[in-house]
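Q: Using the hints, put the two chains back together into the complex; each one sits in its own frame.
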Amino acid sequence: MNRKIVLSVPSDINYLATVESFAELLIKRYDLSEDERSIFSRRLRATLNEAFVNVIRHTPVPENALVEVEFELNESELIVRFPDWGRGLKIEGFYPPFPEELIGTDHLFLKTIDGEVHVHVESAQSLKLWFKEFNKNLTPEKLLENVSEGGMGLSIIVKTMDEARFIWDEQKGHYLEIKKNLGSLK
Amino acid sequence: MNYAFEMNKDVLIARIQNKRATVEFAGKFKEDLLKQIDEKSDKVVVDLSQCEFVDSSFLGALVAGLKKTTMKGGDLKIVGLQAPVKAMFELTRLYRIFDIFDNDEEAVNSF
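Protein sequence lines, in the order shown, are assigned to chains E and A. Per the numbering used here, residue 21 is the first one in the first sequence, and the count goes up by one each step. Per the numbering used here, residue -16 is the first one in the second sequence, and the count goes up by one each step.
Rather than coming from a laboratory, the hints here were simulated on the basis of the structure. Since no wrong hints were added, every one of them can be taken at face value.
Looking from chain E toward chain A, a few residues come up when the C-beta cut is under 8 Å (computed):
{"id": "1", "residue": "Glu70"}
{"id": "2", "residue": "Pro160"}
{"id": "3", "residue": "Met172"}
{"id": "4", "residue": "Ile176"}
Glycine included, every Cβ here is placed at the ideal spot set by N, Cα and C.
One chain only, chain A, in its complex shape (with noise of 0.2 Å):
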């Protein structure tokens, strides 16, 4: 599997459990992810702390699931950046629009 979903309290928890978060799965993701945010919360956590590489693809996927979390009063949250996946938030400048946290208690206790 490329990414798991559970529930931590009120907040829906999606692990990324690739090296690589890319174009081969982000549609899936993406309908899945906005599935879940329709039936199980509109408060998400990303965890990334298994990626190594992030591709636009799988990007855009989170900006999706943003623009959802947040027309319906939610947020989505990301955890976890390794330095090659941090640049490339900062070179996206999508690092201004997630909130980005260390670990997932942080990230959940934020809402």
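With the rest of the complex left out, here is chain E (with noise of 0.2 Å):
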């Protein structure tokens, strides 16, 4: 049976931790060992984290909007669901949905200490985000000159999810779709 929760919440960052502490109680819901359930809920804790963040302050959430958090319990993967006010990626000059040209091509998204964020056109309407690590032997030096203090927020939630997507549906709008395999739903 899937089951579909939806957090309903102000765009404020008062509310930050309201949306954190849902990673316990939906990481309960799956067959998990005790290290497992610690593990997965403080990672999706940190995604929650960041994604609420990105959306509340890197996209224009129209006045007095709620943000609803679409949470998808299925079998064995748990689907998390922002919306984004914004206009989506631009990718080679275009917005989606993307020109047939440019399905199947790769870009750079963002670099972070230890590697790069890239996002793949999957199809007209969806980017797949994915992380590409650097030499695992760059000196202290070296990541030292790399590190900034921006962008980590997305490496986060892509290290931490199975997959991470920028979706645009005509009738959703955009949204950042992300995507644990878990255990099985309890």
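A: Here you go:
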């Protein structure tokens, strides 16, 4: 049986801890060992934090709009969708829906201390994010040169979840969809 | 208060006094940290022993502090990582650029 939960919260940083707190509640719904539950709820909490902050800080949320975070609890995976009121990512001068010639191409999105976040144009409506790790033998000096204050949030989402996508849908608009493979749903 | 500063010998100690070190106060903390580095010392220890969770905004503030101290010939070291916070340092690979210690004394003596 699939279950869907929608959390509707004001676009206000004071609700960040509320959004984060859903991590533990949701992970409890899956049949996992205690260690797995602790690791997954920690990772999901980090992801919920970064995704919510991204929505309210970096997308033009209309005044008084509520942020509706959708949680879909499937048999062996959790899907989370965050709305995004922006125009989506601009790839080679195009916002979604992307033209045919861009489908199947990869693009550098941002750099972090240890790698790069790329987007893969899966379809006219969907961009899949993936992380390309740099050589692990970089010296501390080189790492310090690479590190910047920003950009870590999205890399945390990509690294902690199994799949992350920016999707555009004619009815739903733009949203960030993240998936985590988990044990059986209880 | 979410954090407080104090001096130990010539080392500036920043103690985070909240279980969550996150975007809610990361901007103000960064501003105050950079000011304290300018005014007091470029040898800095940040005590995270009370924190159970950090986000990228707060980690960004630590990176800003590290960049500022190293630019001035000093360093910024970290103390007291609880398991979930240590996991974030590992995930973001920041553990490779910060010296991390168990307690104040070790960190202060390492300068």
